[in-house]
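In order, the protein sequences belong to chains A and B.
In terms of my numbering, the first sequence has 654 at position 177, counting the first letter as 1, and numbering is strictly consecutive.
In terms of my numbering, the second sequence has 101 at position 50, counting the first letter as 1, and numbering is strictly consecutive.
Honestly, the hints are just simulated from the structure, not real lab data.
Any given hint might turn out to be false.
As the list claims (entries may be wrong) - In silico DSS-like links for lysine-lysine, alpha-carbon gap of 30 Å or less:
no.: 1; chain 1: B; residue 1: K287; chain 2: B; residue 2: K85
no.: 2; chain 1: B; residue 1: K209; chain 2: A; residue 2: K636
no.: 3; chain 1: B; residue 1: K209; chain 2: A; residue 2: K659
no.: 4; chain 1: A; residue 1: K636; chain 2: A; residue 2: K659
no.: 5; chain 1: B; residue 1: K287; chain 2: A; residue 2: K659
no.: 6; chain 1: B; residue 1: K287; chain 2: B; residue 2: K139
Claimed, not checked - Computed Cβ-Cβ distance ranges for the label pairs, DEER-style:
no.: 7; chain 1: B; residue 1: D76; chain 2: A; residue 2: V602; range: 31 to 39 Å
no.: 8; chain 1: B; residue 1: K85; chain 2: A; residue 2: F594; range: 47 to 55 Å
no.: 9; chain 1: B; residue 1: G311; chain 2: A; residue 2: L506; range: 36 to 44 Å
no.: 10; chain 1: B; residue 1: R82; chain 2: A; residue 2: A597; range: 26 to 34 Å
no.: 11; chain 1: A; residue 1: H486; chain 2: B; residue 2: L245; range: 46 to 54 Å
no.: 12; chain 1: A; residue 1: A484; chain 2: B; residue 2: L245; range: 58 to 66 Å
Please read these numbers as outputs of a predicted model, since none were measured by experiment.
The beta carbon of each residue, even a glycine, is placed where N, CA and C say it ideally should be.
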Amino acid sequence: MSAKRLAVHGTLRGMEGRRWRELGFSLGLVALLAWLLNGMGFFEAGRLMQGGVNLVRFAQEMFPPDVRILPTIAGALVETLQMAFAGTLLGFLLSFPLGVLGSRALFPAGVVAVVRFLVAALRTVPSLLWAVLMVIVVGLGPLAGTLALAFYTVGYLAKLYAELFEAIDPEILEAMRGVGAKRRHLIRFVLWPESANAILSQLLFMLEYNVRASTVLGLVGAGGIGFYMQAYLGTMAYSRLTTVLLAVLLLVIGMDALSAWIRRRYLLQP
Amino acid sequence: MTQPLAALRSEETLALSTPAVAVEDLWFAYREGKWILQGVNLQIPAGGFWAIMGPSGAGKTTLMRILAGLLPFPRGQVDLLGHPLQGKPDPALRRMIGYIPQQLGLVRGLTALENVLLGSLARHPGWRTALGFFPRAEIERAIALLELLDLADRADEKVFRLSGGERQRVAIARTLMQDPQLILADEFVSDLDLPRAAQVLAFVHRLARERGLTVILNLHELQLVQEFADHVVILKAGQVVFESPALDLTWPLFREIMEGKR
């Protein structure tokens, strides 16, 4: 066999080996999933059957929705939206400078490391736990919810923004330094305009997320529609709960539509 | 492009007797031991229009970045416009060096006018400009430069909407806004077809002559070098292997040098 044919043969053998390894890895993943589900009782037929019966009974009690409570929950819905907007904007105002400070494109490694650690710490805490903490700090009500959403937003947006700024074409930064731009000019004339699309896009994504998240913050007393969810769940007033859930659904759909419109209207089309 | 160029220029040019660029035994490596430049020597007179040629990886861009004061070098001596370059150049020297990188380094999300205005930042480094407020005189000057470059009607257009040729001209306008004495352009016409590139270079050439600017260009096309440059340097593997008046570099000679036969 010639050297060339031997090399081709070796390549084919290598490919076959990779395919077997991939297949083995996939089967391993399926086995792991089955083991995990089994441990959680996923394969207990009796339990699943009972679950189905419970679901049907629950659904029967949920419908038809009790729309008489709409005037009662309207104020809480507005409050939910206010919390989401205020929390997101407050979080954004903090995220942008932290994103700048956390970007190696502009700041030394020491500053970046400290900022990134702080932001990672903020991100570790889920929004509902932030709500509990804020209720302890500032008391019950929408202020606690707004602050909780703001902290949660900072944890995510600051990280995303720092990564965005680091991805900026270094040649642009170099050209700007060449014309004598200071760091403040780089922030204003490079970081901001070069990332404006992605900044707005991620801000809208966060706003959509916060609208959804703000609907459950009331469960821990942090204001908004969650208060009524908890109340109707606790008193087993499921038809009223349905009305609340439908209202939240409409709110989220409305928010997504608004977000899509803003994207179409304002995002730059390169 | 009819406006008198001298009206836009505010500073005296360098005396023609002083070399604009003097490079002596310049060495540079990005990684230890891997020398990109190996003992480069150059003397470029004020008012010269020089081309640097060479294969990819020869060190042309590195040399440009060093001359632009963007890369500190470990060995050698570089004098720019009569000032030694050590570490970061001081703002006064930086102002006199206009650098156009290969991809132009324009901010795509800003308008043509805003990009040109950025060339005045060295004169106005304060917070006022950082907030986007430029002196009226600078705005008028930027508009005049755009008019000079036939871009007045594109002034408010975002750069990402401009054509390749228009972007080149915005980059030139930004550099002129700096009011430099030395322009370093790193293959900045390489994305254009030959006639377009010739058009841009003809304009830069005319400007340089009228204003007494020194221009150093990295170029790939021998045809452009012969047409516009008065002197050419060929770099290979970080060393100057050829230097002559541009018209002396014929195509057969160029090919021999590039193929390593000379």
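Do the hints match the structure? See the list:
Taking the CA atoms of K287/B and K85/B, the gap is near 15 Å; set against the 30 Å cutoff, the hint holds. For the proposed pair K209/B and K636/A, the alpha carbon gap of about 28 Å is at most 30 Å, so the pair holds. Restraint check: the Cα-Cα separation between K209/B and K659/A comes to about 23 Å, which is no more than 30 Å; the hinted pair holds. A distance of roughly 23 Å separates the Cα atoms of K636/A and K659/A; the hinted pair therefore holds under the 30 Å criterion.
Only pairs whose Cα atoms come within 30 Å are accepted, and K287/B paired with K659/A is rejected, the gap being roughly 35 Å. Distance check on the hinted pair: K287/B and K139/B sit about 27 Å apart at the alpha-carbon level, within 30 Å; holds. A beta carbon spacing of about 58 Å between D76/B and V602/A contradicts the range 31 to 39 Å that was offered as a hint. At roughly 35 Å, the beta-carbon separation of K85/B and F594/A lies outside the given 47 to 55 Å, and the hint is violated.
Judged by the Cβ atoms, the range 36 to 44 Å given for G311/B and L506/A is violated: they are separated by roughly 55 Å. Between R82/B and A597/A the C-beta distance comes to about 31 Å, which sits within the given range of 26 to 34 Å. At about 48 Å, the CB distance of H486/A to L245/B agrees with the hint of 46 to 54 Å. At roughly 42 Å, the beta carbons of A484/A and L245/B sit outside the given window of 58 to 66 Å.
The structure does not agree with the numbered hints 5, 7, 8, 9 and 12 stated previously, though it agrees with the rest.
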